[in-house]
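S.K.: The primary structure of each chain is shown beneath.
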Amino acid sequence: AQKVTQAQTEISVVEKEDVTLDCVYETRDTTYYLFWYKQPPSGELVFLIRRNSFDEQNEISGRYSWNFQKSTSSFNFTITASQVVDSAVYFCALKVAYSGYALNFGKGTSLLVTP
Amino acid sequence: GAVVSQHPSRVICKSGTSVKIECRSLDFQATTMFWYRQFPKKSLMLMATSNEGSKATYEQGVEKDKFLINHASLTLSTLTVTSAHPEDSSFYICSARDQDGQETQYFGPGTRLLVL
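The listed protein sequences derive, respectively, from chains A and B.
Under our numbering, the first sequence has 79 at position 79, and the numbering climbs by one with no breaks.
Under our numbering, the second sequence has 43 at position 43, and the numbering climbs by one with no breaks.
Just chain A, with the same shape it has in the complex:
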């Protein structure tokens, strides 16, 4: 069975602070994909990043960075110098390669960035 755990339900930070959103996944498969999506108040899910299980290289995109560690089954997301526009719900998701195409979502972390 596959499972994604986002232990942080809500996080509140002041603008310009750094914040890390945790994601821990469970799967017995060796081939899988991990995703992060952002859901602002408007509701639309915005794709942020995809990682496959064979690529543990960390990635940085502007103020966003991701730390993928297979040893701890984690795929954490860090926002540097947070901004008010970063306020949203962030979902981590897992897709196993050989069990269809559906995504397993975590419960999401609601991030509030205040001025």
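Because the hints were derived from the structure by calculation, they are not lab data.
The hints are all genuine.
Here are the simulated distance ranges between beta carbons:
1. GLN99(B) to SER110(A): 29 to 35 angstroms
2. GLU56(A) to ARG112(B): 37 to 43 angstroms
3. CYS13(B) to ASN52(A): 37 to 43 angstroms
4. THR114(A) to VAL3(B): 28 to 34 angstroms
5. ALA97(A) to LEU26(B): 25 to 31 angstroms
6. THR31(A) to GLN99(B): 15 to 21 angstroms
7. ALA72(B) to VAL14(A): 49 to 55 angstroms
8. GLU17(A) to GLU87(B): 36 to 42 angstroms
Straight-line Cα separation of at most 16 angstroms, EDC-like style, residue types lysine to aspartate or glutamate; simulated pairs:
9. LYS42(B) to GLU10(A)
10. LYS70(A) to ASP55(A)
11. LYS107(A) to GLU10(A)
12. LYS41(B) to GLU10(A)
13. LYS41(B) to GLU44(A)
14. LYS42(B) to GLU44(A)
15. LYS66(B) to ASP88(B)
16. LYS66(B) to GLU87(B)
17. LYS20(B) to ASP65(B)
18. LYS38(A) to ASP86(A)
19. LYS38(A) to GLU10(A)
20. LYS20(B) to ASP88(B)
The model shown is predicted, which means the values in this text are computed figures rather than measured ones.
In this text, a Cβ means the ideal position worked out from N, Cα and C, and glycines have one as well.
Chain A is fixed; fit chain B onto it per the hints.
M.R.: Below, chain B without anything else, positioned relative to chain A:
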């Protein structure tokens, strides 16, 4: 990036009526689309997988006769909520799987359904 549209964005209907929601992939072909339901402050719950040219695959507990899915072309899937009731009120989101081999799903903007 790939764009998925959804229509309508918001609908209010009376109990007992049927509501059709469209999901379109605008700049890519999608043999597989997905329909999710999201309750307030909750995660996304997969309802069904829509396959172009064949029957949809429903998740356990989802009534296929109530939530009719049609995927008639590579760019369009529709979800019809038949005989809607207040408990069907929710946020419905579709996604389309890009066929680039990278397994990324792109999501539509969602449809807020309110059944009175």
